[in-house]
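Protein sequence lines, in the order shown, are assigned to chains W and G. Sequential numbering of the first sequence, starting at 1, is according to my numbering. Sequential numbering of the second sequence, starting at 1001, is according to my numbering.
Read the hints as simulated data drawn from the structure, not as lab findings. Some clues are possibly wrong.
Stretch by stretch, here's where chain W covers chain G in the computed footprint (C-beta under 8 Å, at least three residues) [claimed, not checked]:
| # | stretch |
| --- | --- |
| 1 | 1037–1048 |
| 2 | 1082–1090 |
| 3 | 1199–1211 |
The following label-pair restraints were derived from C-beta to C-beta distances [unchecked claim]:
| # | chain 1 | residue 1 | chain 2 | residue 2 | range |
| --- | --- | --- | --- | --- | --- |
| 4 | G | R1205 | W | H116 | 49 to 55 Å |
| 5 | G | H1120 | W | E244 | 33 to 39 Å |
| 6 | W | R71 | G | K1081 | 22 to 28 Å |
| 7 | G | A1214 | W | A168 | 56 to 62 Å |
| 8 | W | R67 | G | W1237 | 35 to 41 Å |
| 9 | W | K113 | G | T1203 | 39 to 45 Å |
| 10 | W | R160 | G | K1081 | 44 to 50 Å |
| 11 | W | P60 | G | D1189 | 32 to 38 Å |
| 12 | W | G121 | G | D1208 | 48 to 54 Å |
| 13 | G | Q1218 | W | S220 | 58 to 64 Å |
| 14 | W | R67 | G | H1197 | 37 to 43 Å |
Covered by chain W, per the in silico footprint, the following chain G stretches (three or more residues, Cβ under 8 Å) [said to hold, decoys possible]:
| # | stretch |
| --- | --- |
| 15 | 1054–1066 |
| 16 | 1172–1179 |
Ideal Cβ positions, reconstructed from N, Cα and C, are used throughout, including at glycine.
2 protein chains.
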Amino acid sequence: MNCNTPTDVTFSFTGFAQRGGRTDHHADGWGIAFFEGGPEPGSDKGLRHFVDHQPAADSPVAELIRRYPIRSRNVIAHIRKATQGAVALQNCHPFVRELWGRYWVFAHNGDLKDFHPRLHGSFRPVGSTDSERAFCWLLQEMAKSHADMPSVAELTLTLRELLPRIAAHGTFNALLGNGQALWAHASTDLHYVVRQHPFAHATLRDDDVSVDFAQHTQPSDRVAVVVTTPLTTNEAWVRLAPGELRVFVDGDSLLNS
Amino acid sequence: MNCNTPTDVTFSFTGFAQRGGRTDHHADGWGIAFFEGGPEPGSDKGLRHFVDHQPAADSPVAELIRRYPIRSRNVIAHIRKATQGAVALQNCHPFVRELWGRYWVFAHNGDLKDFHPRLHGSFRPVGSTDSERAFCWLLQEMAKSHADMPSVAELTLTLRELLPRIAAHGTFNALLGNGQALWAHASTDLHYVVRQHPFAHATLRDDDVSVDFAQHTQPSDRVAVVVTTPLTTNEAWVRLAPGELRVFVDGDSLLNS
Chain W
1 MNCNTPTDVT
11 FSFTGFAQRG
21 GRTDHHADGW
31 GIAFFEGGPE
41 PGSDKGLRHF
51 VDHQPAADSP
61 VAELIRRYPI
71 RSRNVIAHIR
81 KATQGAVALQ
91 NCHPFVRELW
101 GRYWVFAHNG
111 DLKDFHPRLH
121 GSFRPVGSTD
131 SERAFCWLLQ
141 EMAKSHADMP
151 SVAELTLTLR
161 ELLPRIAAHG
171 TFNALLGNGQ
181 ALWAHASTDL
191 HYVVRQHPFA
201 HATLRDDDVS
211 VDFAQHTQPS
221 DRVAVVVTTP
231 LTTNEAWVRL
241 APGELRVFVD
251 GDSLLNS
Chain G
1001 MNCNTPTDVT
1011 FSFTGFAQRG
1021 GRTDHHADGW
1031 GIAFFEGGPE
1041 PGSDKGLRHF
1051 VDHQPAADSP
1061 VAELIRRYPI
1071 RSRNVIAHIR
1081 KATQGAVALQ
1091 NCHPFVRELW
1101 GRYWVFAHNG
1111 DLKDFHPRLH
1121 GSFRPVGSTD
1131 SERAFCWLLQ
1141 EMAKSHADMP
1151 SVAELTLTLR
1161 ELLPRIAAHG
1171 TFNALLGNGQ
1181 ALWAHASTDL
1191 HYVVRQHPFA
1201 HATLRDDDVS
1211 VDFAQHTQPS
1221 DRVAVVVTTP
1231 LTTNEAWVRL
1241 APGELRVFVD
1251 GDSLLNS
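Chain W extracted, bound-state conformation (with noise of 0.2 Å):
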């Protein structure tokens, strides 16, 4: 989720977290990041993240989460089938490294077949994972590229290098946060949609719930959702097409992005 206001998950989450185990086959851990802290868009810098490796659909800090309103601008969220690495907590996603003085999260659905790339950098993995290795490749080759934080813009183009060549390596849909942005990457299965003003009612696929999102929002705000399967079964989702690379900034996707 990536938005132009703090905005609390816990309707998404609420659906979400039944493909952890109940509508969906994907028990082997969940995990979730926030993104908190400044006042202005862009300048969140602070970061919870939670990880369990028992089922989302039954653990007791995705409860928390489901009742207690976390507000954030940023957070990406994953439910784990071990496709490689057992199942453990440092094998659950997103996962999360400092780089250029801001945290970078990362989380992979999909599989990697002989995704075995040179890690000299300062990034290596702590679980057996696929996904971690390719993201470690990714912020090393991201440290060489910029000695320091480069804008949204100039960091795509990096991105548009460097994804694809993670790509050739099976199936990569994912997505990549750092507080100010919001990257998705699709290989098969990626959907977005942007909820702004007129706001309208959305009901759960998962889940037995609607919500009336005008009730709850303010017209300036401006939310989008970036999830494998679309969450809800009446709101306009939008399917990447393969090898597409979407920048989302303030609950928006960047034109020419």
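Add chain G to chain W, keeping to what the hints say.
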């Protein structure tokens, strides 16, 4: 806390959290990190990390930790009284970074004057505290001293050289952990106790709670707790000398450490 068997911190955390706004003035946020994952002591590479800029005494996340027993062999917790850096999520301890394919956790009690080391390496502060600067410098110098993960004994020798260079700038009671060991450096206030067979009753100083550890332990269990001010009124807390560095492994203080 450093133990030889996964142990929950609900008892110690109940008293500790009271100091976050109730029995003490450390009300500018708090945090806790739990290593988890491996079957053997020293193999815990997974990490749960909770931070909150609300006072620990009132925080819903702290409430979760008091009620939901997370079992871990290595835990570092901190409640903050802001001396440098605003009350913000990115300034809450403990801080986390990855080095040599392991997560490192750091918490600091004290205040460093004129500590602005040259950070030319791969670790840069996200927030604005003297503490995170100290942690980044420490990791940078550790990375220079060892190409790969050294033994606990080798790293202790390195830390014995590096930590006094930070401590020269002010008060530096600090804890560093990596899931294998807990390093404790005292400047003014740091106490530890080793709980082992025969286990006894303990009564919290900050809350009207007692526990009979004998009812909750096996004879082989061993738990070291290190804290600025003793948590209980009836245990044999040992005070660290100014400038002393102590290493805890499997719930005990290493000899000649």
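Now the hints, each set against the structure:
no.: 1; hint: 1037–1048; verdict: holds (count 5)
no.: 2; hint: 1082–1090; verdict: holds (count 3)
no.: 3; hint: 1199–1211; verdict: violated (count 0)
no.: 4; hint: G:R1205 - W:H116: 49 to 55 Å; verdict: holds, 52 Å
no.: 5; hint: G:H1120 - W:E244: 33 to 39 Å; verdict: holds, 38 Å
no.: 6; hint: W:R71 - G:K1081: 22 to 28 Å; verdict: holds, 25 Å
no.: 7; hint: G:A1214 - W:A168: 56 to 62 Å; verdict: holds, 60 Å
no.: 8; hint: W:R67 - G:W1237: 35 to 41 Å; verdict: holds, 38 Å
no.: 9; hint: W:K113 - G:T1203: 39 to 45 Å; verdict: violated, 58 Å
no.: 10; hint: W:R160 - G:K1081: 44 to 50 Å; verdict: holds, 46 Å
no.: 11; hint: W:P60 - G:D1189: 32 to 38 Å; verdict: holds, 34 Å
no.: 12; hint: W:G121 - G:D1208: 48 to 54 Å; verdict: holds, 52 Å
no.: 13; hint: G:Q1218 - W:S220: 58 to 64 Å; verdict: holds, 59 Å
no.: 14; hint: W:R67 - G:H1197: 37 to 43 Å; verdict: holds, 40 Å
no.: 15; hint: 1054–1066; verdict: holds (count 3)
no.: 16; hint: 1172–1179; verdict: violated (count 0)
The structure shown violates the earlier hints numbered 3, 9 and 16.
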